[in-house]
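Build the full structure now, drawing on both the sequences and the hints.
Protein chains: 2
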Amino acid sequence: MAVEQKAPNRYHHGDLRRALLAAVDEIVRELGVEGLSLRECARRAGVSHGAPAHHFRDKRGMLTEYATDGFEKLLGSIAFEFDKIGLDDTMGRLKAVGKGYVNFALSHQAQFKVMFRSELLDNDNERLLDRGRQVFEALTKSLAAHWAATNQGWRKENLAQISLAWSAVHGFAVLAVEADLLRMGSEGLLNPDPDAVLDQLMLIAEPPGQ
Amino acid sequence: MAVEQKAPNRYHHGDLRRALLAAVDEIVRELGVEGLSLRECARRAGVSHGAPAHHFRDKRGMLTEYATDGFEKLLGSIAFEFDKIGLDDTMGRLKAVGKGYVNFALSHQAQFKVMFRSELLDNDNERLLDRGRQVFEALTKSLAAHWAATNQGWRKENLAQISLAWSAVHGFAVLAVEADLLRMGSEGLLNPDPDAVLDQLMLIAEPPGQ
DNA sequence: AGTAGGTCTTGGCGATGTAAAGAACCGCAC
DNA sequence: GTGCGGTTCTTTACATCGCCAAGACCTACT
Chain E
-13 MAVEQKAPNR
-3 YHHGDLRRAL
7 LAAVDEIVRE
17 LGVEGLSLRE
27 CARRAGVSHG
37 APAHHFRDKR
47 GMLTEYATDG
57 FEKLLGSIAF
67 EFDKIGLDDT
77 MGRLKAVGKG
87 YVNFALSHQA
97 QFKVMFRSEL
107 LDNDNERLLD
117 RGRQVFEALT
127 KSLAAHWAAT
137 NQGWRKENLA
147 QISLAWSAVH
157 GFAVLAVEAD
167 LLRMGSEGLL
177 NPDPDAVLDQ
187 LMLIAEPPGQ
Chain L
-13 MAVEQKAPNR
-3 YHHGDLRRAL
7 LAAVDEIVRE
17 LGVEGLSLRE
27 CARRAGVSHG
37 APAHHFRDKR
47 GMLTEYATDG
57 FEKLLGSIAF
67 EFDKIGLDDT
77 MGRLKAVGKG
87 YVNFALSHQA
97 QFKVMFRSEL
107 LDNDNERLLD
117 RGRQVFEALT
127 KSLAAHWAAT
137 NQGWRKENLA
147 QISLAWSAVH
157 GFAVLAVEAD
167 LLRMGSEGLL
177 NPDPDAVLDQ
187 LMLIAEPPGQ
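Chains as they are written, first to last, in the working numbering: chain E, -13 to 196; chain L, -13 to 196.
I should point out that these hints are in silico values taken from the structure, not numbers from a laboratory.
Because identical chains share one entry, a pair is satisfied inside a single copy or across any pair of copies.
Straight-line distance between alpha carbons at most 27 Å, and here's what the computed DSS-like set of lysine-lysine pairs gives: (1) K59 with K70; (2) K99 with K127; (3) K45 with K59; (4) K45 with K99; (5) K127 with K70; (6) K127 with K59; (7) K99 with K59; (8) K45 with K(-8).
Right, dumping it as structure tokens:
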């Protein structure tokens, strides 16, 4: 999605909304969220600095759209992994959630970071909330399906296991994306293969005492 | 640490550095990092807007100090948990790291968020790097001690396990601090007891097939 | 006492987000 | 087609911000 400039002679842009979101992505990749400004977005779209206000109320509104778009891509990434796995392979599907999540984070690092900067977003936005919920449900439903398939029933640890799985997948993605953060802790020690880490994580979904 | 105003008649503040860091904390709690400005810090310390530059080179420098201070408190929190556990209880010490980490995140949410916003910080700062390293080492050393004590030796999964533990603890803290984020996924479902989640996490440190 | 150096003030610069008012354009009713 | 309402975009203005440079003030040391 490239930033489409407005033709200089024309008054209307044509697809300013798209162009602005493309500009957001471009800038956030180049400079991070701190480097993002409404005016620069407008500039890249070849439009005056007041124009964006008609499509997104303000900066927060614009970032909220950008984040929501990210969640939809994230859902797509999980769906992509699902498609490779048979419905009966509940363990495989469980791992697919983690894979889709981590893959998205790694391939859209800048956007991923924005998605979880709740101070920057309108957290009451319906679409944003909905997409977030869907991601969470992909995880919980896959876990539940696996437990059902392995006849484990519902045990009291399950709630904590859901939290742990959610924490680990998100935490891994965050750490992978924050390269400087890894630098701090590890200096090369911690340069893990996502697959191996996910395999370890899967163990918590197994019945105890195996 | 309260923000100490400069006495209006005096020319020197006396302890401006401390006062500014206190102001940072105050503002970040109230408004988040986005709401932070050098000028507002100066105002709260009763000092002109140019004054902070002499103590921290610029905004990034100020935030770096604030973050470093946070890492030191985090180390303190882990040490506090360690003190309650005997040296021979390697499992207890392992859990203590997670507890100290999560406790700090929960009791200093605003500061915790800043600490991991690497785009805002001077990531080459020696003290910052050092304190970060120390936190990571608290985890890895405790894991290594536990493995040594349980005669497991070094297995090839250990690296992935370290990553997983680090991811899970950090991820859990992040999710706990980002309340709005939890709202998205859970709406009450995911309001976990840190202790229960840590217990689940501890299982990965055990030898396989138990 | 005098001076060097650190602390703080002041004023100014360019940039930002938001608001309000006006210009250009589109589509629809007539 | 013509006129008109609503939308998209421009323009101007304002308060605030980070940073810089010049100067005033104070402390400490010789």
